[in-house]
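Chemist: These are the residues of each chain, in order.
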Amino acid sequence: MRRLTIAVVAVTLAAATAGAQNIISTQEIVESLQGVEREATLNPQDIRAMALENIQRNPGENAPKGVPMANLMENLRQFNVEINFDFDSDRINPSSYEAMGAIADALHTPYLLGQKFLIIGHTDARGTREYNLELSQRRAEAVRNALSTTFRIDPGRLLSAGLGEEELRDPANPDAAVNRRVQLINIGF
Amino acid sequence: MQRLLSGALIALAMLIAGGPAQAQTMGYADAMSILVKSCGPDIEKYCKNVNLGNGRIESCLADNAADVSDTCKADYVAAYLALQARFAAQEAVPQLCAADVNRLCPRVTRGKGFTLQCLLNKTRLSDRCSQAITDAGYR
Chain H
818 MRRLTIAVVA
828 VTLAAATAGA
838 QNIISTQEIV
848 ESLQGVEREA
858 TLNPQDIRAM
868 ALENIQRNPG
878 ENAPKGVPMA
888 NLMENLRQFN
898 VEINFDFDSD
908 RINPSSYEAM
918 GAIADALHTP
928 YLLGQKFLII
938 GHTDARGTRE
948 YNLELSQRRA
958 EAVRNALSTT
968 FRIDPGRLLS
978 AGLGEEELRD
988 PANPDAAVNR
998 RVQLINIGF
Chain E
41 MQRLLSGALI
51 ALAMLIAGGP
61 AQAQTMGYAD
71 AMSILVKSCG
81 PDIEKYCKNV
91 NLGNGRIESC
101 LADNAADVSD
111 TCKADYVAAY
121 LALQARFAAQ
131 EAVPQLCAAD
141 VNRLCPRVTR
151 GKGFTLQCLL
161 NKTRLSDRCS
171 QAITDAGYR
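These protein sequence lines are chains H and E, in that order. Per our numbering, the very first residue in the first sequence carries number 818; after that it's consecutive. Per our numbering, the very first residue in the second sequence carries number 41; after that it's consecutive.
It cannot be assumed that every hint is accurate.
Unchecked claim - Within a straight-line C-alpha distance of at most 30 Å, the following computed BS3-like cross-link-like pairs (lysine-lysine) qualify:
1) K152(E) with K113(E)
2) K113(E) with K85(E)
3) K162(E) with K933(H)
4) K933(H) with K152(E)
5) K933(H) with K882(H)
6) K162(E) with K152(E)
Stated by the list, open to error - Not close to chain E: a few residues of chain H, all C-beta gaps over 12 Å, as computed:
7) L893
8) D922
9) N990
Said to hold, decoys possible - Now the stretches of chain H that chain E is said to cover, found in silico as 3 or more residues with beta-carbon under 8 Å:
10) 844-850
11) 896-909
12) 951-963
Rather than coming from a laboratory, the hints here were simulated on the basis of the structure. Cβ coordinates follow ideal geometry from the N, Cα and C atoms, glycine included.
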């Protein structure tokens, strides 16, 4: 089994030119996600509770610190992909259909067959934290819904949750596009 | 009528795909790439509030068939058929590779994914199993 030294690969689609072929490769996603032998105990309810608690305990316009479970999540096999949604909406923009297809192809490969994935939505820091938490949940659910219907992934393999702006990818630039992303975590069998 | 119609659609798609001899299979990423290129403008124009999933985009394009571009319609059918061919190829793998599994991976018991991974690691696959794996997009 091939081991990767980097667990997280961030891919920015915003700069991709129109008509570019295979914006992200299925192979890249498979390599980032494969090799999980044990089930991870992560569930949407806990993630939501943790995000709400972070908003209460560490108030402010932007989250002054991240959620406690982030360290645990960092150690799991995962892939970060920027999915473009329409402004203030959970509608997946057609510019990201190909990225959705690449995720689906990866989840259909023998290397990931039968494994379960947690889809976590993240927003940038514009807007209130509570609102962004709800928006990110709806966006993660939209990704789950598309994967389980259009792309024929067994819905039993997919969980969705949101973390709003509680875990910015680039805290120094809270409104940067790189913060708006969907995190795909392999939680095992 | 239904049969006639789907026959006509398939004939059209065959023309576009370049002949029926070997069904071309395609994965989702490539199918989506084609779809967005040909139908992206129509989707943004006629389906601005429609989200991907549950066949909603397809229904929306069908509802607006009179206005949707011919390129979009033709490429949609071609991408759809290539995807169907991929599904069929994936479903055919267990049967086409059964002998290879018995010969090369007899002790893998953990399920479909592991059996396929075992096959992918082997160099002495039969031609038909090897072709089935390629058509299924597993390489």
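Chemist: Now look at each hint and say whether the structure bears it out.
Modeler: Now the hints, each set against the structure:
no.	hint	in the structure
1	K152(E) with K113(E)	violated (36 Å)
2	K113(E) with K85(E)	holds (15 Å)
3	K162(E) with K933(H)	holds (27 Å)
4	K933(H) with K152(E)	holds (15 Å)
5	K933(H) with K882(H)	holds (29 Å)
6	K162(E) with K152(E)	holds (16 Å)
7	L893	holds (19 Å)
8	D922	violated (4 Å)
9	N990	holds (29 Å)
10	844-850	violated (count 0)
11	896-909	holds (count 3)
12	951-963	holds (count 3)
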